[in-house]
Structure formats: structure tokens, C-alpha cells
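So the sequences go chain by chain: A and B. Just add 590 to wherever you are in the first sequence, counting from 1, and you've got our numbering. Just add 590 to wherever you are in the second sequence, counting from 1, and you've got our numbering.
These are computed hints drawn from the structure, not numbers from a lab. Built from N, CA and C at the ideal position, the CB exists for glycine as well. Honestly, I wouldn't trust all of these hints.
Unchecked claim - 27 angstroms max Cα-Cα, derived DSS-like pairs, lysine-lysine: (1) B:K866 with A:K866; (2) B:K653 with A:K866; (3) A:K909 with B:K639; (4) B:K614 with A:K842; (5) A:K616 with B:K941; (6) B:K699 with B:K616; (7) A:K616 with B:K614; (8) B:K639 with B:K653; (9) B:K731 with A:K731; (10) B:K818 with B:K930; (11) B:K828 with A:K825; (12) B:K925 with A:K616; (13) B:K618 with A:K842; (14) A:K618 with A:K653; (15) A:K805 with B:K818; (16) A:K930 with A:K941; (17) B:K803 with A:K614; (18) A:K708 with B:K866; (19) A:K635 with A:K618; (20) A:K842 with B:K616; (21) B:K841 with A:K866; (22) B:K842 with A:K866; (23) A:K616 with B:K841; (24) B:K941 with B:K986; (25) A:K825 with B:K866; (26) B:K803 with B:K818; (27) B:K616 with A:K614; (28) A:K841 with B:K841; (29) A:K841 with A:K925; (30) B:K842 with A:K805; (31) B:K643 with B:K618; (32) A:K618 with B:K708; (33) A:K731 with B:K618.
Unchecked claim - Per label pair, the in silico range of CB-to-CB distance: (34) A:M647 with B:E809: 27 to 33 angstroms; (35) B:N973 with A:K818: 54 to 60 angstroms; (36) B:G924 with A:N651: 45 to 51 angstroms; (37) B:G775 with A:N592: 43 to 49 angstroms; (38) A:K614 with B:E683: 37 to 43 angstroms; (39) A:D761 with B:I966: 25 to 31 angstroms; (40) B:K614 with A:E676: 56 to 62 angstroms.
There are 2 protein chains.
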Amino acid sequence: MNHINIGIIGLGTVGSGVLEIINKEKEKLFTETGIQVNIVKICDKDNSKLDSKFHSMFTSNWKEITESKEIDTVVELIGGNTVAYEVQKSALENSKFLITANKALLSEKGQELFALAKSKNVEIGFEASVGGAIPVIRSIKTGLVSNEFLSLYGILNGTTNFILTKMEEEDMDYFEALSLAQKLGFAEQDPTFDVEGIDAAHKLSLLCGLAFKQKVSIEDISIEGISKISKSEIKQAKSLGLRIKLLGIAKKTEQGLELRVSPIMIPLDHPLASVKFEMNTIYFETSYSGPSMLMGKGAGSLPTASAVIADILYYAERKINKNSALENNLFEKGKIASSKETEARFYIRLKTVDKPGVLGLITNILGKNYVSISSIRQNESLNEPVELIILTHKSKAGNVISSIDEIDKHKDIIKEKSIYLRLEDFN
Amino acid sequence: MNHINIGIIGLGTVGSGVLEIINKEKEKLFTETGIQVNIVKICDKDNSKLDSKFHSMFTSNWKEITESKEIDTVVELIGGNTVAYEVQKSALENSKFLITANKALLSEKGQELFALAKSKNVEIGFEASVGGAIPVIRSIKTGLVSNEFLSLYGILNGTTNFILTKMEEEDMDYFEALSLAQKLGFAEQDPTFDVEGIDAAHKLSLLCGLAFKQKVSIEDISIEGISKISKSEIKQAKSLGLRIKLLGIAKKTEQGLELRVSPIMIPLDHPLASVKFEMNTIYFETSYSGPSMLMGKGAGSLPTASAVIADILYYAERKINKNSALENNLFEKGKIASSKETEARFYIRLKTVDKPGVLGLITNILGKNYVSISSIRQNESLNEPVELIILTHKSKAGNVISSIDEIDKHKDIIKEKSIYLRLEDFN
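Bound conformation, chain A alone:
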């Protein structure tokens, strides 16, 4: 009989979900895969949260798992990059297969850890680290193996997608929506990691290796969060048939890989626009398979546990047969496009005085910087400042930004710092 002995380290949200599902579905998993999953040891700081029937397996010393002769596969679900780093290194050094949901650690130290795994002839499963329940890593590695990736757009962070959805649907401002997200447990007390786009960037860096076969670190990514998005932008977007999403974007360009995490306006009828609340999505275009999208729950106890267990069984099958095809995670550095050189359509919002000549001045500055205007709109208003909305044709980001900097210097006519957002119409 085929079986696998696992040790789980970390009993937070995801760890307790893994324990719950394996315990409940042991028989089903065996019937469907032919592999019996035995939980041998469970480690956490203390066993207070642990059902008493598991107390005999409990240890507070993670080395009893990573160094155990009996255990084949270590499931690291502590998260973060301190203890978890020690745990992962020790597990691999002891030639254990490793399953994890730890995107921050793999984004930072992945190259070292994957190399260590390779040298020990073991493998690391990290399906749960990107897109929670969505089988995106497996799909890229196997389902799309013949394809070259051309572009990838991800809604990779549930917290920010929840906030943006609430802002639009319930007319909340950013801070209201954020504190609701905190109350409901979708956002941490210190939300910086999520709202400033860092979590999304960690995930994007992991996806990019696999999709573009190129080593990407978080430093290569232009990162912008959603904290500057106001109700007013949300409404403007809507009136233009658009919706604002925080997207992680990777695009092959002649200048190299364009890498960005930032709020982007997308057409309301694009499938990405329909992804609401805490859902995550990866949309991509490849050489042969055409545009595709994978959507699902990006976080939460059971959805993430579902991906962890899929990995446990997938790698158990590989371990039993030992074959390393399709499992390379080590990539070389490639060309990265400079953010300013990338091209996009832009939405620009200016607050100006209502005087003759203002429009001429603005359009002149844009024209001089090779930014071509696709549409311009000024709503009638009795009070100053008046709001001017400009949509551009595809233009170099650097040119758009210098234009706005130049426009904003005219303090006599510009009454508030101008705002710009990229607009993605997927054409």
C-alpha cells in the first residue's frame, strides 16, 4: 500500500483547515488517489487550540518534525520569513518533501530554497501560496507546458479587492471599507502589506518565474497600493464604463518583462471586472492557448487547505515514483522593462480653475510630451475647482508622468495634486 507520513508545522487558519479536511476525508482521499495520508506529528506553540484526539501527536519543537526519520513530507504553515525560514531549511536539509503556502518566504528566499531542494533530490509544493484554492501553479506547470506566456494579469490580493468592491457597491470611502474589512477579518490590524500591494507583488514574483521562466524579485516590480483611491475615482470609472482593480501585471515587451502591481481601470464587461470581494483571479494570454482565466477563493482556512492537500497528494505520488520532470523552479534573471518606458492608456483627473486658456495650456503640455488625448470631459460646475477628466491613447508612462508633473507646477490653475491611473482595455 502506498502511504505518506506527514508532519504539520503551524496551526493557524490554514493549518487547522488542513488538519480538519485530512481527518474528515482520509478515506475519500485514499479511494481516489490510492495514497494513504498519515499525520504523524503536529507542531505549534502550544496545544490549546488542538482537539484532544490529536494531543498524542503534538509537539512544540518543530525539529521533531523536520528531523524525524518517520516523516516524508513537512507541511510548513507558519508563514512569514523568520522561524518559517529555519523550518523550511531544516526540512530540506533532512531530505523531506516540503509543502507550503508561504509566498513571502518563497518570494524572498525561493531561489536558495529551491536550489537546496534540488541538491537533496526533494521537491517543494507551493500551490497554496498563490491564489489560494485556484490550481494556478499546477495549470501553468502542466496544462500550459507548450505555451509561451505573453501577459498575465492577476487579482492576487483578496483584502484590496474586497475594499474596492465595497467602495463601489456601497459608496464607502477607502477608510470605511478598510475598517469593515478589518472587522470581518479580511484585513490585518496593520494592513500595509495588503493595501500597499506588497502581498500581491510577492505572489506576482512567484507566478512570473513559472510563467515567464525568468527570475523575478519583488524589487523588479513597480508597486503601488490602493490607499490613494478615492470614492471620486471609483465613480468616475463607473461613469466611463470602467472599474478599478488592483492588478499584478507581467507583460512581455520588447524592452523586457513589464512588471507592475497597481490600481488599474478595466472595462466593466471584461471578465476580470466581474471578480468581486475576496475572490482572486489570474488572467493570461499565451502563444497557443489564447486568453484564459482562473478564478477562486484566494484565502481562508478551507480553500487554502484544499490547495495544500492537493499538493500533499500530488507530491506524494511523485515521491513514490520519484521523477523531477515539470518541477523546475529555478530560473535565471531576464530582461525587465523600466516602468517609465512602458506604454499604457491613462486616466487623468485634474482640478482646475474655470478660466479661458486652461484647457489650451494642459493639452499643449500633453502634446509636447507626445501624450495623445482620446477623450476629455469637463462637467458643468458652479464652484471652482472644476474637474477635468482626460483619457489618453496609448502613451509612454514616463511622458504622462512628466506631463502631469509639469501641469501641476501651474499652481495658479491647478488646485489639487492631479491623479492618474492606467487604463487597461485588453486590446
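Chain B: place on chain A using the hints.
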């Protein structure tokens, strides 16, 4: 070195795509998977469409492939259920791994063919048979292995989705959109198979086995096509914030599996509503992973070939190591819900005379049949008949249909056969 020798039978749209990609990407595939794919023989009726560099591999006798000692894996891309059936049987009898995109044959004869494969200790890969490029079969088999499926909704046929999209976006009627689809190659000259929902039902039956671990044949599915959908329904749907999609649906109910292919109205802001033209999608809910959606190109030469090649390599890796876990495709019959017993919300369109008492009569008949009305609308009109739009609360389909039959008998007030459609709000 790991390698696999394949023979391709059938050089139509998909077959020539497979040949093109393998020929172009041979080196990439080897680098990324460690497996070298050798095309040993190619079979079609004649070699007129075949690039001369492949002529030395050509045969018009498929037995030279299925019975070849040299070949490990037969790629059957003829389609249909006549010659393809003989080819598949012969390949399996000769202990070849089999890769195919043939949904009609697997839906009809899958149980026999999967059993034959099992008895010969070989496997059948059919990722390309459902959802083209979308890695849906692999995702169900591995990524979601711990989950119980609760429901599955698929846009499984690109032709009908193309027609419905054109009808809405360009205000075409059904026959205009159909003939455009034929002109563009999205529909066959005899479109019955697609427009009457049979192709979608074949695919649904294949998905249901894997998702619900239950044998489903096409006879178990209530099938309705899109040929009765008129411009008027498309417009009504839109004005209600809804969109009509041809969905393949499987839902666990207390009465058994509810199985249906039919046009359904869905909310405009549901992700399924954003799936346009020839795209395919599978949306599902499971016990742990929550709602998820996989979208991509459902047909076409290169997208389908991309899935065929993913299967060739996936099974090559399995073949080299021979392990049958996760590859069961044989299921027992389970409980199937009777279509009339299933519950849904309904959209009903009646054309009536404009007289006192008409509304009373209609609502009485519905009430008597336990059909509860959620909203009712009659637009002001100078001419008879007037159009009455009713949305119901969740009601038994059988009750709704008997109500409408009874209402339609009142020829004095009902001026045209009434129309009903299911309405899915995913709640």
C-alpha cells in the same frame, strides 16, 4: 534519456495544430519536462495537406500506428464515433496510452474504453475533449482532490455562446447570428449538434463523472438548445439586468444529481455573464474550495492542441513511472433528479389581450400551482397583444410548466405560446 514515441491519427484542425506545436517547441518541451517527444508516424486519408518534411512518417493505414511496436502513445484526433471507435479500441488492445479530444465517443463509449484501458494497464488522456485549452480535467482530478462537488455550471459550447453574444451585442436575430457563425467557421453547415445542446451535453457527461464520481450518460440530461431564443428575450433579459447563456448544469440535490443543458438567464455581474463569443467556462462550487471558475478557448486548432500536448507529456511522465493513482475514470450509476422535480427561479413571458381580469386569471393559476411571483411587469402599449413579464421565486419546474400549459389553454386571452426560461442568481 526519457522519451516517448507517438503516432498521430487524424490531421484536421486539431491534429495539424499538434504537429505544428510539437515540431516548433520540441526543444522547449524537452527543457521544461525532461521528456523528448518523438513523432514516429502520422495517419490521415492522404498526405496532400502534410508538409513534405513529414512525408516519410505518413501512412494512410491507422493500424500501422495502433499496432506499431515502436509507438507508446496513440493520439486519436479523428473525432466522431465510427472509425475513431475502432482506432481507440485497437490502440488500447495493443496496450498503448491514448490521448484524444473526442468528447462524443468518450461520452457514448467511455465506460467501455476506460475499462479496456484499465485491463491493459494503460491510461486515456482527454483534457482536450472538454473546454479546449482550459485545464479543467487536470484541475478536477488533482487540484480539487479533497473536495466534494456541489454544483457545476459550464459554458461548454463556443458556437452557441458566439451566437448569443452576437444577438445581444449587434441586435441580430438567431438566424442572422447563426449564419455569421457559419461564415466565420464557428458553426458547422448542419449546426444541430451545437445549437441543440448535444455537444454541451457530451461534455457535461464527461465532467460529471470526474466531478461527482457518478456515471452520467447523455440520456440522463435534460437538453434544450438555443434555437427558440429570440431577440425579444435577449432584450428583456438585458432590461432585467440579466443575460442569457446556454449552460450545462449539474447540481447535487436531495433527489439526486440535477442535470441540464439549457438557456439560462444569469445576472449581468456574475462572472459567467462576462464570458463572450467562443470562450468556454466551467464555474463550480465545492465543499472546501468555494466558488471557482476556469475560462479559456473551448475550440480552435492551437488552443485544443495545447491541451493535447499537455496530456501527451503528463501521461508520458506517468507512463515512464507507471502509477495509476488519480486516474480512475470508471464510475457507478448514481441518483439523477427528475427535471420536473428540480427547483429554480423562472422568467415567464406571456402575450395577452389587454382586458380587466387577465392578470387575476394568470396569477390565480400560478398560485394554485404553488408558483410564487417575485415580480411582474407589463409595459404600456397601444397595440394588443401586450407583453407580460413575470419573474418567479424558486419554484418546482413541473409546477411552472403545468401553470404555463394551463394558462396557454385560454386562447381567448393568450395570443402567442408563452415562453419560460430558468433564471440563475447563484444564491
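Structure-based check of each hint:
A hinted pair counts as satisfied when its Cα atoms are at most 27 angstroms apart, and K866 (chain B) with K866 (chain A) qualifies at roughly 19 angstroms. A threshold of 27 angstroms between alpha carbons decides the hint, and for K653 (chain B) with K866 (chain A) the separation of about 53 angstroms lies outside it, so the pair is violated. Only pairs whose Cα atoms come within 27 angstroms are accepted, and K909 (chain A) paired with K639 (chain B) is rejected, the gap being roughly 44 angstroms. Between K614 (chain B) and K842 (chain A), the direct Cα distance comes to roughly 20 angstroms. Compliance with the 27 angstroms bound is thereby established for this hinted pair.
In summary, the hint linking K616 (chain A) to K941 (chain B) is not supported, as the alpha carbons are separated by about 57 angstroms, beyond the 27 angstroms threshold. A hinted pair counts as satisfied when its Cα atoms are at most 27 angstroms apart, and K699 (chain B) with K616 (chain B) does not qualify at roughly 33 angstroms. Proposed proximity of K616 (chain A) and K614 (chain B) is contradicted: the alpha carbons are some 44 angstroms apart, above 27 angstroms. Of the supplied pair hints, the one linking K639 (chain B) and K653 (chain B) holds, its CA atoms being roughly 20 angstroms apart against a limit of 27 angstroms.
A C-alpha spacing of about 15 angstroms is found between K731 (chain B) and K731 (chain A), which places the hinted pair at or below 27 angstroms, so the restraint holds. Taking the CA atoms of K818 (chain B) and K930 (chain B), the gap is near 20 angstroms; set against the 27 angstroms cutoff, the hint holds. Note on K828 (chain B) and K825 (chain A): the hinted pairing holds, with a Cα-Cα distance of about 22 angstroms set against a maximum of 27 angstroms. The hinted pair formed by K925 (chain B) and K616 (chain A) meets the criterion: a straight-line CA distance of about 24 angstroms does not exceed 27 angstroms.
Between K618 (chain B) and K842 (chain A) the alpha-carbon distance is near 18 angstroms, which keeps this suggested pair within the 27 angstroms criterion. Proposed proximity of K618 (chain A) and K653 (chain A) is contradicted: the alpha carbons are some 31 angstroms apart, above 27 angstroms. For the proposed pair K805 (chain A) and K818 (chain B), the alpha carbon gap of about 53 angstroms is over 27 angstroms, so the pair is violated. For the hint pairing K930 (chain A) with K941 (chain A), the CA-to-CA distance comes to about 24 angstroms; that is within 27 angstroms, so the pair holds.
Under the criterion of a C-alpha separation no larger than 27 angstroms, the hint pairing K803 (chain B) with K614 (chain A) is consistent with the structure, at around 18 angstroms. A C-alpha spacing of about 43 angstroms is found between K708 (chain A) and K866 (chain B), which places the hinted pair above 27 angstroms, so the restraint is violated. Of the supplied pair hints, the one linking K635 (chain A) and K618 (chain A) is violated, its CA atoms being roughly 31 angstroms apart against a limit of 27 angstroms. Taken as a hint, the K842 (chain A) and K616 (chain B) pair is honoured in the structure, with Cα atoms around 22 angstroms apart against an allowance of 27 angstroms.
A C-alpha spacing of about 23 angstroms is found between K841 (chain B) and K866 (chain A), which places the hinted pair at or below 27 angstroms, so the restraint holds. Between the alpha carbons of K842 (chain B) and K866 (chain A) the distance comes to roughly 25 angstroms, so the proposed pair stays at or under 27 angstroms and holds. A distance of roughly 24 angstroms separates the Cα atoms of K616 (chain A) and K841 (chain B); the hinted pair therefore holds under the 27 angstroms criterion. This hinted pair checks out: K941 (chain B) and K986 (chain B) have alpha carbons roughly 23 angstroms apart, not beyond 27 angstroms.
For a cut-off of 27 angstroms, the pair hint linking K825 (chain A) to K866 (chain B) stands: about 26 angstroms separates their Cα positions. Straight-line distance between C-alpha atoms of K803 (chain B) and K818 (chain B) comes to about 33 angstroms, which puts the hinted pair past the 27 angstroms bound. For the hint pairing K616 (chain B) with K614 (chain A), the CA-to-CA distance comes to about 44 angstroms; that exceeds 27 angstroms, so the pair is violated. A hinted pair counts as satisfied when its Cα atoms are at most 27 angstroms apart, and K841 (chain A) with K841 (chain B) does not qualify at roughly 38 angstroms.
Simply put, K841 (chain A) and K925 (chain A) have alpha-carbon atoms about 12 angstroms apart, close enough for the 27 angstroms limit, and the pair holds. Proximity of K842 (chain B) to K805 (chain A) is assessed by CA-CA distance (about 44 angstroms); at most 27 angstroms being required, the pair is judged violated. For the hint linking K643 (chain B) to K618 (chain B), the alpha-carbon distance of about 21 angstroms falls within 27 angstroms, and the restraint holds. Note on K618 (chain A) and K708 (chain B): the hinted pairing holds, with a Cα-Cα distance of about 20 angstroms set against a maximum of 27 angstroms.
This hinted pair checks out: K731 (chain A) and K618 (chain B) have alpha carbons roughly 13 angstroms apart, not beyond 27 angstroms. Hint check: M647 (chain A) to E809 (chain B), Cβ distance near 49 angstroms, so the stated range 27 to 33 angstroms is violated. At about 55 angstroms, the beta-carbon gap between N973 (chain B) and K818 (chain A) stays in the expected band of 54 to 60 angstroms. Distance hint check for G924 (chain B) and N651 (chain A): the Cβ-Cβ separation is about 47 angstroms, which falls inside the suggested range of 45 to 51 angstroms.
At about 47 angstroms, the CB distance of G775 (chain B) to N592 (chain A) agrees with the hint of 43 to 49 angstroms. The hinted window of 37 to 43 angstroms between K614 (chain A) and E683 (chain B) holds, with their beta carbons roughly 41 angstroms apart. Between D761 (chain A) and I966 (chain B) the beta carbons are some 30 angstroms apart, a value that agrees with the proposed interval 25 to 31 angstroms. Checked against the hint of 56 to 62 angstroms, the pair K614 (chain B) and E676 (chain A) fails, with Cβ atoms roughly 45 angstroms apart.
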